[in-house]
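Undergrad: Each chain is listed here by its residues.
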Amino acid sequence: MSILLRVEMVIVAILFFMFVVRSINKNHFLLKNAFGWLLLALGLVIIAVFPQILIGLANAFGFEEASNFLYVTAVMLLLINAITNSVLYSKQQTQIKDLIQEISILKSLNKENKK
Amino acid sequence: MKVLLIIPAYNEEDSILNTVNNVLEYNRLQADKYGYTLDYIVIDDASTDSTKKILLENDIKHISLIKNLGIGGAVQTGYKYALLHNFDIAVQFDGDGQHDIAHINNVVSPIIEEGFDLVIGSRFIDKESSLFQTTFLRRVGIRIISQLIKLTTKKKIFDVTSGYRAANKNVIQLFADRYPISYPEPESIVHLIKKKYRVTERPVNMLERQGGVSSIRSFKSILYMIEVGTAILVSSFMREED
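As they're listed, the protein sequences go chains A and B.
The first sequence begins at 811 in the working numbering and counts up one residue at a time.
The second sequence begins at 1429 in the working numbering and counts up one residue at a time.
None of these hints come from the bench; they were simulated from the model.
There could be a bad hint or two in this list.
So the derived label-pair ranges between C-beta atoms look like this [what the hints assert, rightly or not]:
| id | chain 1 | residue 1 | chain 2 | residue 2 | range |
| --- | --- | --- | --- | --- | --- |
| 1 | A | Thr904 | B | Asp1477 | 27 to 35 Å |
| 2 | B | Glu1541 | A | Ala844 | 56 to 64 Å |
| 3 | B | Lys1430 | A | Asn923 | 15 to 23 Å |
Owing to the predicted nature of the structure, the values given are computational and were not obtained by experimental measurement.
Glycine included, every Cβ here is placed at the ideal spot set by N, Cα and C.
Can you make the complete structure from the sequences, with help from the hints?
TA: Quick look at the structure:
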């Protein structure tokens, strides 16, 4: 990896890391959900500083180019992330539906009692 | 025995009063004839017309959902209400005047007398008994869904989209806990059969709707068939403990 690319990577990784930390502190992002991103940001910084790790891993998994390994990993991570989000979204949809039903029933019971 | 009529209503200002009056009228004339009391609850699915006003002005028992949930969410609210008030049987009954209250015993008595868990009111079993047979395209769609259910559960149900259904206590409990949101009828039938509940179908009369629009607005569209088909195929892999 060229020096220029490594410098770029370090800068991007650090900016990313700062964004995540800042979001958590501003309470825009729950630590529980941000944990994965925090790890990723940290990993990016480490790889940018020590690219041998990436090259070693790429070779170990049989990739010719470290960048290919990076792409495949990124796609996989995003896929997992997307599907997890879909599941979470469905779960929350159900929770919201249950809340609407519960509140509506309570409201009608309340009205009946007042009569 | 306490029987609850769950009447979902979304923008049914033209017909809801009539529907409820028919129920009350039936109750007055037939009360105690079959040995159970009939109660009702209208679920107003956050209607945007004057449905809610009509319900309030006429002192009709109802639950007004604070946000629109769609037919599945509205009906499930009724099942939750039935569970809360310890009803023995819950009957889904449309607010648009399509269902004929005079035939309610056709769906209720198989539960009491023969021990079924869910009884579906059907317009197709006995064609003479139902005046309204719906459009050709809908019948084709219903046929296909019916075949799919036969394929996945080995049980033939003719009127798979019928919203005139009676459920016993076990099914009330189950539906209160879990009920499909968008096209609930066919999918919930598969769920029940997969879980080894006893499901049957009895003839009832259905009339032309007095107002409002069907909950299956996009029935003609291919999308509806694909979605329901997928729902059935997916639930065919369901295990009893799921």
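Undergrad: Against each hint, give a clear statement of whether it holds in the structure.
TA: Hints versus structure:
{"no.": "1", "hint": "Thr904/A - Asp1477/B: 27 to 35 Å", "in the structure": "holds, 28 Å"}
{"no.": "2", "hint": "Glu1541/B - Ala844/A: 56 to 64 Å", "in the structure": "holds, 59 Å"}
{"no.": "3", "hint": "Lys1430/B - Asn923/A: 15 to 23 Å", "in the structure": "holds, 20 Å"}
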